[in-house]
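Trainee: Residues per chain are reported as follows:
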Amino acid sequence: EAGVAQSPRYKIIEKRQSVAFWCNPISGHATLYWYQQILGQGPKLLIQFQNNGVVDDSQLPKDRFSAERLKGVDSTLKIQPAKLEDSAVYLCASSSLGLAGGQETQYFGPGTRLLVL
Amino acid sequence: SQKIEQNSEALNIQEGKTATLTCNYTNYSPAYLQWYRQDPGRGPVFLLLIRENEKEKRKERLKVTFDTTLKQSLFHITASQPADSATYLCALGKTSYDKVIFGPGTSLSVIP
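Residue numbers (my numbering), protein chains in the order written: chain A, 1 to 117; chain B, 1 to 112.
Extracted from the complex, chain B is given alone in its bound form:
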């Protein structure tokens, strides 16, 4: 069955540095991949979507890459700020109408 893995450990980085989160998957061929942010006690919030034919996507300080050969996505936050501290979830989908499968999430703490 399909499996999605994200950074197994929580990530702690210094303010101003670039945070890099990974999402690896097996036994799956997604048509697109999404990243969501989730704060404690709240529902996930959509950040970015990248499709299988796209290598990279950017939005302000966020950058996502998608390598279908390696079956991996990298999520970068440049010039990180304490306000970026949250759990980040990757999610994969086959088609626009199929269910999305979420990874377990990575907890990011940006230290001032």
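One chain only, chain A, in its complex shape:
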């Protein structure tokens, strides 16, 4: 079974520029997550999709971050304009409904390491 794919793996941009990340979840997984992980910290959820609908985006800085999941499969996360504090690893994860009807186990991609100069 193929894992969660993300691209690019690394990105260096200057502040105020824009950047986009792409994620392809595991086939059949209805739920997709974007996390931000700052060095030395745990992942922080930015947005959670169920199919192509948003379940939770309470921690997404909506003035500069946007995300979409067209057709309920792959997803893009965009930052425009970027700030220095956006330097982090952006992780995509997906999960499916389990036997209990829940989706606790998340499968993560390798992440995109973003450096804003």
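Quick caveat, the hints were computed from the structure, so don't treat them as lab data.
Here the structure is a predicted model, which is why all the values come from computation and not from measurement.
Idealized CB from N, CA, C, for every residue including glycine.
Be aware that a few hints might be false.
Pairwise CB distance ranges, derived in the manner of DEER restraints [said to hold, decoys possible]:
1) B:Glu-56 x A:Arg-64: 21 to 31 Å
2) B:Asn-53 x A:Asp-56: 40 to 50 Å
3) A:Arg-16 x B:Arg-61: 46 to 56 Å
4) A:Leu-115 x B:Thr-26: 48 to 58 Å
5) A:Pro-61 x B:Asn-27: 16 to 26 Å
6) A:Val-54 x B:Pro-112: 46 to 56 Å
7) B:Ala-31 x A:Lys-62: 25 to 35 Å
8) B:Ala-10 x A:Pro-8: 28 to 38 Å
Derived pair list, reagent style BS3-like, types lysine-lysine, alpha-carbon separation capped at 27 Å [as the list claims (entries may be wrong)]:
9) A:Lys-44 x A:Lys-15
10) A:Lys-44 x A:Lys-71
11) A:Lys-11 x A:Lys-83
12) A:Lys-62 x B:Lys-94
13) B:Lys-3 x A:Lys-62
14) B:Lys-17 x B:Lys-71
15) B:Lys-99 x B:Lys-57
16) A:Lys-15 x A:Lys-78
17) B:Lys-55 x B:Lys-99
18) B:Lys-63 x B:Lys-99
19) B:Lys-71 x B:Lys-55
20) A:Lys-44 x B:Lys-57
21) A:Lys-62 x A:Lys-83
22) B:Lys-59 x A:Lys-62
23) B:Lys-3 x B:Lys-57
24) A:Lys-78 x B:Lys-99
25) B:Lys-94 x B:Lys-17
26) A:Lys-15 x A:Lys-71
27) B:Lys-71 x B:Lys-57
28) B:Lys-99 x A:Lys-83
29) B:Lys-3 x B:Lys-94
30) A:Lys-44 x B:Lys-94
31) B:Lys-17 x A:Lys-44
32) A:Lys-44 x B:Lys-63
33) B:Lys-59 x B:Lys-71
34) B:Lys-17 x B:Lys-63
35) B:Lys-3 x A:Lys-44
36) B:Lys-99 x A:Lys-71
37) A:Lys-44 x B:Lys-71
38) B:Lys-3 x B:Lys-99
39) B:Lys-17 x B:Lys-59
Given the coordinates of chain A, work out where chain B should sit on it, guided by the hints.
Mentor: Okay, now just chain B, sitting in the frame of chain A:
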């Protein structure tokens, strides 16, 4: 607001010993708790899940305990090996559909 704390210092142990990592939480009542492993440059990998009505869970050399009174989980790796060196994250969730909240992680180094 909810807070999750893990071992504040990196943990260094000798090969063959048991590593014990802690996860403490406040202002939260999770329905379940998970442990993930994260290697440098890679995404977290799921290891174990324990629910609020379970005291202990085992998987090969791994053991997790969950004490909802103390608001604490302990994660044990027995007969540790250098290959176990990684960062270990605990994560808490209220329901199967709610977001999971991650702790800051503990870095474990197993010395040969």
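Trainee: Against the structure shown, which of the earlier numbered hints fail to hold, in ascending order?
Mentor: 1, 2, 4, 22, 25, 26, 31
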